[in-house]
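K.L.:
Sequence:
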Amino acid sequence: MSTEQPEEHVEEFKEQDRYLPIANVARIMKRALPENAKIAKDAKECVQECVSEFISFITSESSDRCQNEKRKTINGEDILWAMQSLGFENYCETLKVYLHKYREATKNERSSAGKDNGMDETLALYQQQYYQ
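Residues 1 to 132 in full-length UniProt numbering are what the sequence shown lists, from first letter to last.
It is possible that some hints are incorrect.
[As the list claims (entries may be wrong)] Here are the computed distance ranges between Cβ atoms for each label pair:
no.: 1; residue 1: Arg71; residue 2: Arg31; range: 29 to 39 Å
no.: 2; residue 1: Gln84; residue 2: Arg110; range: 35 to 45 Å
no.: 3; residue 1: Arg71; residue 2: Arg27; range: 30 to 40 Å
no.: 4; residue 1: Ser63; residue 2: Asp17; range: 32 to 42 Å
no.: 5; residue 1: Glu104; residue 2: Ala40; range: 18 to 28 Å
no.: 6; residue 1: Ile55; residue 2: Lys101; range: 13 to 23 Å
no.: 7; residue 1: Lys96; residue 2: Ile28; range: 16 to 26 Å
no.: 8; residue 1: Ala37; residue 2: Asn75; range: 33 to 43 Å
no.: 9; residue 1: Leu86; residue 2: Lys107; range: 40 to 50 Å
no.: 10; residue 1: Leu99; residue 2: Ile39; range: 27 to 37 Å
These are calculated hints, taken from the structure and not from any lab test.
Where a beta carbon is used, it is the ideal one built from N, C-alpha and C, also for glycine.
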């Protein structure tokens, strides 16, 4: 008779595995700067770490809400609620508008499945308007 305890399965992640890809972070940073601006490697890495931590922070708060409400799926309202409760309310109105536009676009996409309705272009134009 063995007295060994079953091994807990714990996945190991490298620190870098929980970060957004540096190329994506750099691309977003470049869009906010003049065309001839340069970004140092350490600045990209710092923003990469901060953005990834911010996403984890918001997601964790959203997840806690879902668990308290006995739900398994985090939705857009959960993210907005988390941002509001964590003190990021200044971003919520813009994100509500974006979420509404996104849902409208994807609803139209689903209702006309297989047809080119230009929704990707609509979202791209909306993103340009608000994020550039």
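K.L.:
Each hint needs a verdict: does it hold in this structure or not?
P.N.:
The hints, checked one at a time:
Checked against the given bound of 29 to 39 Å, the beta carbons of Arg71 and Arg31, roughly 35 Å apart, stay inside it. Checking the proposed 35 to 45 Å range against Gln84 and Arg110 shows it is violated: the Cβ atoms sit about 29 Å from each other. The given range of 30 to 40 Å is respected by Arg71 and Arg27, whose C-beta atoms sit roughly 34 Å from each other. For the pair Ser63 and Asp17, the beta carbons lie near 19 Å from each other, so the given range of 32 to 42 Å is not met.
The hinted range of 18 to 28 Å is not satisfied by Glu104 and Ala40, whose Cβ atoms lie roughly 40 Å apart. Checked against the given bound of 13 to 23 Å, the beta carbons of Ile55 and Lys101, roughly 21 Å apart, stay inside it. At about 21 Å, the beta-carbon gap between Lys96 and Ile28 stays in the expected band of 16 to 26 Å. Between Ala37 and Asn75 the beta carbons are some 37 Å apart, a value that agrees with the proposed interval 33 to 43 Å.
Between Leu86 and Lys107 the beta carbons are some 29 Å apart, a value that contradicts the proposed interval 40 to 50 Å. For Leu99 paired with Ile39, a C-beta distance near 29 Å keeps the hint of 27 to 37 Å intact.
Consistency with the previously given hints fails for numbers 2, 4, 5, 9, ordered from lowest to highest.
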